[in-house]
Amino acid sequence: MRFWSAKTLKALIVPGGFILLGAVLLLNRGWIPLPLSGVSFFYAAVFIAALLLAWRFHSTRVLFCAIMLLLGHRALEFFGQGRVVLHGPGHVAFEVVALLIPFNFFLLTFFPERSSEGRTVFEFLALLFFESVFVAVLARPDQSVLGFLHYSVIRSLHLRIPQPAIVVFLIACGRLLYRVAQLHKAIDNGMLWALAAVFLALNEGGAGRLGTVYFGVAGFILASSIVENSYSLAYRDELTGLDSRRAFNDTLFRLKHPYSVAAVDIDHFKSINDTYGHDTGDQVLRMVAAKLARVGGGGQAFRVGGEEFTILFPGKNVKDVADHLQLLRMDIESSSFRIRTGEERRKIPRETDRRSGPRKPRRPATSTSGTLSVTVSVGIAESQPKLPVEEALQLADKALYRAKQTGRNRIVIAVPPGKLRRQARPKSVEL
1 MRFWSAKTLK
11 ALIVPGGFIL
21 LGAVLLLNRG
31 WIPLPLSGVS
41 FFYAAVFIAA
51 LLLAWRFHST
61 RVLFCAIMLL
71 LGHRALEFFG
81 QGRVVLHGPG
91 HVAFEVVALL
101 IPFNFFLLTF
111 FPERSSEGRT
121 VFEFLALLFF
131 ESVFVAVLAR
141 PDQSVLGFLH
151 YSVIRSLHLR
161 IPQPAIVVFL
171 IACGRLLYRV
181 AQLHKAIDNG
191 MLWALAAVFL
201 ALNEGGAGRL
211 GTVYFGVAGF
221 ILASSIVENS
231 YSLAYRDELT
241 GLDSRRAFND
251 TLFRLKHPYS
261 VAAVDIDHFK
271 SINDTYGHDT
281 GDQVLRMVAA
291 KLARVGGGGQ
301 AFRVGGEEFT
311 ILFPGKNVKD
321 VADHLQLLRM
331 DIESSSFRIR
341 TGEERRKIPR
351 ETDRRSGPRK
361 PRRPATSTSG
371 TLSVTVSVGI
381 AESQPKLPVE
391 EALQLADKAL
401 YRAKQTGRNR
411 IVIAVPPGKL
421 RRQARPKSVE
431 L
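Take the sequence shown: its position 286, counted from the start at 1, is 286 in this note's numbering, and no numbers get skipped.
Don't take each hint at face value.
[To be verified] Pairwise CB distance ranges (calculated):
id	residue 1	residue 2	range
1	Gly296	Phe78	55 to 63 Å
2	Leu159	Leu36	23 to 31 Å
3	Glu238	Phe41	33 to 41 Å
4	Gly296	Leu36	55 to 63 Å
5	Gln81	Gln163	21 to 29 Å
Everything labelled a hint here was simulated from the structure, so no lab data went into it.
Ideal Cβ positions, reconstructed from N, Cα and C, are used throughout, including at glycine.
All chains should be modelled from the sequences, with the hints used to inform the complete structure.
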């Protein structure tokens, strides 16, 4: 995994990072006023939106995060009587809440995003209840303060947040940062930047107008993460991580001449599914998709069907992209992985087909060591000034069909109809 890839950086900062940066700039420079009525409306609106969106889209982690932040902020307001306090029960509540919020965020990273198990929901709600009782007990005027809550190691660190809580914040942020870099999920992005907003809120005292606004920003980031996650589900293929057919169709509207398009199909994919099972088929799809995502020449890969992919090269002609696609084909051909036949249920291919009569099914190549070799066939077409994009796609599909007919594991370049009439060349050229 390349941590500093463009895809990872985008997953890291969009949308939560931009929202928090904008909030910090606006609040620290005093560009927007903070009337009490406006702060209260913003705070209520964003948390209502976060709760409703989390409930509607069955986002368990965002729902729990929003509830937890509401409870934590309510505890700060109640025990601090709406003010930033430096001693007494309000300060004790502040130290405990500052420790519990990042701790709960860390726990929620192990929760499934969509959980239908009532036991899981009950256990976390029970945890929040006991933590609320814990805060109430420790914040009593006659209760002695626990020394570890404000234990300090670095004396020169001038922050309102106690250092034990800072350590828990760093652990929780590190866990979320790892998940964003590994999984590129919008919900993890929302939790990471919402936790950063809570840190800023607590550093401002938690209560008061500025602390309340930062808590509201955290709720806004959580709500926006659900919207971003829904967008990702609609425009990205969940299995392979590539852009989906809907994203492909949207890109076609913006595509202008010149460009090249490549149709890619996995050879013998149906036989792979029939012989080794759909789990192996999914592994093959993910492997091929990972190779396609790294294609050179400025190509953008889409999954447009089961084992069918399309790569668009804006501003490129066939000569510009042919070598990159040839390297891609060779890279996939040289890749293989071991078949775990003991863990998968093997399926016997059907011996007959009702449309074509009896036939012997072709099987993908396997070695004696139990590894599966995968190849792809590719058809390339180049745009023409008066050639609609739909016809360019059809030319690429016909070139792909030609590659399949002539033995697979090869690249065929389609010849545009106008050039075909002028030069009397074949309809396609093998690379």
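Status of the hints after comparison with the structure:
| no. | hint | verdict |
| --- | --- | --- |
| 1 | Gly296 - Phe78: 55 to 63 Å | holds, 59 Å |
| 2 | Leu159 - Leu36: 23 to 31 Å | holds, 26 Å |
| 3 | Glu238 - Phe41: 33 to 41 Å | holds, 37 Å |
| 4 | Gly296 - Leu36: 55 to 63 Å | holds, 57 Å |
| 5 | Gln81 - Gln163: 21 to 29 Å | holds, 26 Å |
The earlier numbered hints are all upheld by this structure, with none contradicted.
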